[in-house]
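Numbered continuously in our numbering, the sequence shown closes out at residue 230.
If you are wondering where the hints come from, they were derived from the structure by calculation, not from laboratory data. Some clues are possibly wrong.
Derived pair list, reagent style DSS-like, types lysine-lysine, alpha-carbon separation capped at 25 Å [unchecked claim]: (1) K124 / K166; (2) K49 / K124; (3) K15 / K195; (4) K226 / K124; (5) K124 / K50; (6) K15 / K166; (7) K57 / K124; (8) K226 / K215; (9) K166 / K195.
Label pairs and their calculated CB-CB ranges [what the hints assert, rightly or not]: (10) F73 / Y224: 35 to 41 Å; (11) R5 / L74: 38 to 44 Å; (12) G65 / Q126: 48 to 54 Å.
Yeah, the Cβ is synthetic: ideal placement off N, Cα and C, and Gly gets one too.
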Amino acid sequence: MSTFRPIEILRAVPKILQAFPTTMLILLASLLFSLLIGGIFAMMSLSHKKVLNAIAKGYVSFMRGIPTLILIFLIYLGLPQLLKQFGIDMSGISLIAYIIACLSLSASANMSEMMRSAYLAVDKGQREAAWSVGMSPAVAFFRIILPQAVGVAIPALGNNIIMLFKETSLAFTIGVLDMLGKARAVSAANYGATKLETYIAAGLIFWALCFLMEKGTRLAEKAYTKGRKT
């Protein structure tokens, strides 16, 4: 067994950070698409149409119940085989596109529930008051409901972003060289002699970035609340 050398932690940090842009690309793209998909299903869940409501509830239940890693393997391994039966070749799709699609779908369930809860948190009387003074539903939503719902959703959004960021570490399972994938590559380059130190370095990087995101969420919440009061 190799001797633990703390200096190797410091040496591994800059090497792992070389993959930081890839990890951030995955995070930001997944965040964008999960918000879009989540928004659609949030509207469906708030609909008075039972069919749309049932579809939204089923989707959210499924996505929240299936582990993200299993979803990744199902889409990465299963989808190309399925579409191949219809003559569709997916061999040209990049690995990053696969992981973004998987994380977007997985996170969209939590995003949908976040949006639905934030909307329902706004007093129903305010919506009715806006309609009573002649505002259309769209105008009432953007001028009355949305600003308040955003304030309610900020803490949950911050938590969802942190969860999504941590799940980007699953990208290495299909060969994407994200930060964890880079850590594995660094360890392999040293024939596993610095495996422990390298993973400690990766863990510290993830912790530091999650800490910054948490602080950023609190600052955003305070700034938004202060701006609403002035």
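Comparing the hints with the structure gives:
no.: 1; hint: K124 / K166; result: violated (36 Å)
no.: 2; hint: K49 / K124; result: holds (19 Å)
no.: 3; hint: K15 / K195; result: holds (14 Å)
no.: 4; hint: K226 / K124; result: holds (23 Å)
no.: 5; hint: K124 / K50; result: holds (21 Å)
no.: 6; hint: K15 / K166; result: holds (19 Å)
no.: 7; hint: K57 / K124; result: holds (22 Å)
no.: 8; hint: K226 / K215; result: holds (16 Å)
no.: 9; hint: K166 / K195; result: holds (20 Å)
no.: 10; hint: F73 / Y224: 35 to 41 Å; result: holds (39 Å)
no.: 11; hint: R5 / L74: 38 to 44 Å; result: holds (40 Å)
no.: 12; hint: G65 / Q126: 48 to 54 Å; result: violated (34 Å)
Of the numbered hints stated above, those contradicted by the structure are hints 1 and 12, listed in ascending order.
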